[in-house]
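Each chain is listed here by its residues.
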Amino acid sequence: MAGSSRRLTIGRALREAVQYEMTNNESVFMMGQDIFSFGGVFGVAEGLGEKFGPQRIVDTPISETGVIGAAAGAAMAGMRPIVEMAYVDFIGVCFNAIANYAAKTHYMSGGQFKVPMVLLASTGGGYSNAAQHSQTLHGTLAHMPGMKVVCPSNAYDAKGMMHTALRGDDFVVYLANIQTIGMMMLGKPLPGTIVDVPKEAYEVPFGKAAVLREGTDVTLVGTASAVHDSLKAAEELEKEHGISAEVIDLRSFVPLDRETIFNSVQKTGHLVVSDEDYHSYGVTGEIVASVAEMDPTVFKKPPQRVAFPDVPSPFSRPMEQFCLPSAARIKQAVLDIT
Amino acid sequence: MLPSTDQQKWIYQNMLVSRFFEQRIMALYMEGKQPVFDLAAGPLPGEMHLSYGQEAAVALCAAVEEKDWLHAGHRPHTLAIGQGVDLDEMAAELLGKKSGLSGGRGGHMHIYDNRVNFAASSIIGEQMPAAVGFAMACRARGDNSIAISVIGDGAANQGAFHEALNFAAVQKLPYICVIEDNNWAVTTSKEQSTAVKRNSDRASAYGIPGAYVEGNDPDKIYEASMVAFEHARSGKGPYLLEIETIRMMGHFHPDPAPYISDEERAGWVDCVPHYAERLVEQGVLTAQEAEEMSATAEAKANSAIDAAVSADYPQPEEALEQVFAQA
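So the sequences go chain by chain: A and B. In terms of our numbering, the first sequence opens at residue 1 and continues consecutively. In terms of our numbering, the second sequence opens at residue 1001 and continues consecutively.
In case anyone wonders, no lab produced these hints; they're calculated from the structure. Accuracy of the hints is not assured; some may be wrong.
Said to hold, decoys possible - These stretches of chain B come out as covered by chain A in the derived footprint (C-beta under 8 Å, 3 or more residues): (1) 1035-1045; (2) 1174-1188; (3) 1192-1200; (4) 1308-1320.
Unchecked claim - To give an idea of the interface, some chain A residues facing chain B are shown, with a C-beta separation under 10 Å as derived from the structure: (5) Phe90; (6) Gln179; (7) Asp310; (8) Gln332.
Values in this document were obtained by computation on a predicted structure and should not be read as measured data. Don't be surprised by glycine CBs; every beta carbon is placed ideally from N, CA and C.
Generate the whole structure from the sequences, applying the supplied hints.
What follows is the structure, encoded as structure tokens:
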């Protein structure tokens, strides 16, 4: 329909979905630090305090274990909380509440207690916020059974996936890379994140990777910010080397769409996986292993991983930039195997 | 016991160094970040949490001895200066230079100087259990040394607050928890987040003494610190010391803090000029001496910052070093 969509940032798109669900379902409420008047670091709650009041937009003390534990309990008792945790790094403070309590209760109760809650957190660095405020932790979260873990790379997916998260009956960890959200403090968000977003509510399913660019020579699988790096690399590879790269946005870690990735690598024979999380024991390894265990002969050359090295995020700009995935690193990885 | 005149001068000198340092940092921080504000840009990237207005806390450092340990949080500058952290190396660290305290790995929120037993890190509340651990080492050494963690009022609602104080109390460790009460945790006031009026009242929950020092007053802060530290040194166990202070420049720079009412701001008294006035009034300093101290402090701060600006960055691959002590 003409005029029924407009370009939004991920942050605005999330806010739209949250506001809609809160309007149409009384059991949805939000908890977080500095959300009632400040709107939170994402701006997801901007203006919602005024609309819904302090019992549905709940400012909390700095008490992550208490608050996330409370969210799990509220969810078990029939409510649908969203907890905003500004930085994914803070899961360290309350990992028990997340991974042992919220994630395992459905299973341990044999399905008696559902835990329909959403934990919203920003990921990633690249702006000198150092080791304890720059992590990605896709692997850490996806590794623990019992939580769905998703991360959109653009505003269209962001809104649709938030609707899916808030309407579903499961515990969802909803991540968004901080360079993609459109926060005022970080200049402009990555350009590919701002896209047309329909005004009406819609759902984007979990467990389906998105093929953003079709190609024949190499499969580039990316997550979050690395999706945009992969797209940039693909353009340059085409222009400068005549290499046709297929770009896949993983966007859902749990459930994971192994089939789409496998089909692509089967077609291209070459795989480069990019992820801003630490290199070892994480998402890039999981993708490579998943393809290999389905059929290792699809690899014409060894698969390549472009990730953050196994070091804490350094503060100093040249050191941090050295560690981050980039279009240049992805391009080089492709050239190394083609 | 109030500070001696020598101690008062020491306190004032360090407050001045801290203030001039923060002023240079504020200006440097904004370079390159405008017109569209970008945390990543400029010579001083990342987040910045200024101690501006909280300099009176340096007075507790006047009561700290060389063998004592101090752990701060994400707003560490004044405390680092008070503890004797190398100012040149701290400035270099803030700019991510190779000559920085951590070779550029830590930055503003992660300041360490093992020569003066100082640490600061950025997850709210984590400094409390760590300082309790410092206190265990102090006890093992048997030299009457103590360990201090400095937190904000917001951190008192962390689980770690409860655990650290209870554990330290059960173990009777020489641990001091200092709360800098500036009434704000980012945009959330203490009243909005905390079930009691004063966090120092929570001391009774752990069977330990608690004290509250009003007025952002260096002399009173020193006096109360001596009482608290002596309690710990003599083996009586932990102490909860809360000092009222003022966060004058918002949570992070350049937070204009619109959520702080004009009424609250009207009550603010800047501790730096206020202390100068008192010292001159008391005859501890002449007006000229105060001027000279100011010039010395400004020169020291400028020297550190200027050197940091022209210092070299580390090589990019140095990012891979220092994960472990042994490969």
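Each hint tested on the structure:
1. 1035-1045: holds (count 7)
2. 1174-1188: Coverage by chain A holds here, the residue count being 4 at a Cβ distance below 8 Å.
3. 1192-1200: holds (count 3)
4. 1308-1320: holds (count 8)
5. Phe90: 7 Å, holds
6. Gln179: 9 Å, holds
7. Asp310: 7 Å, holds
8. Gln332: 15 Å, violated
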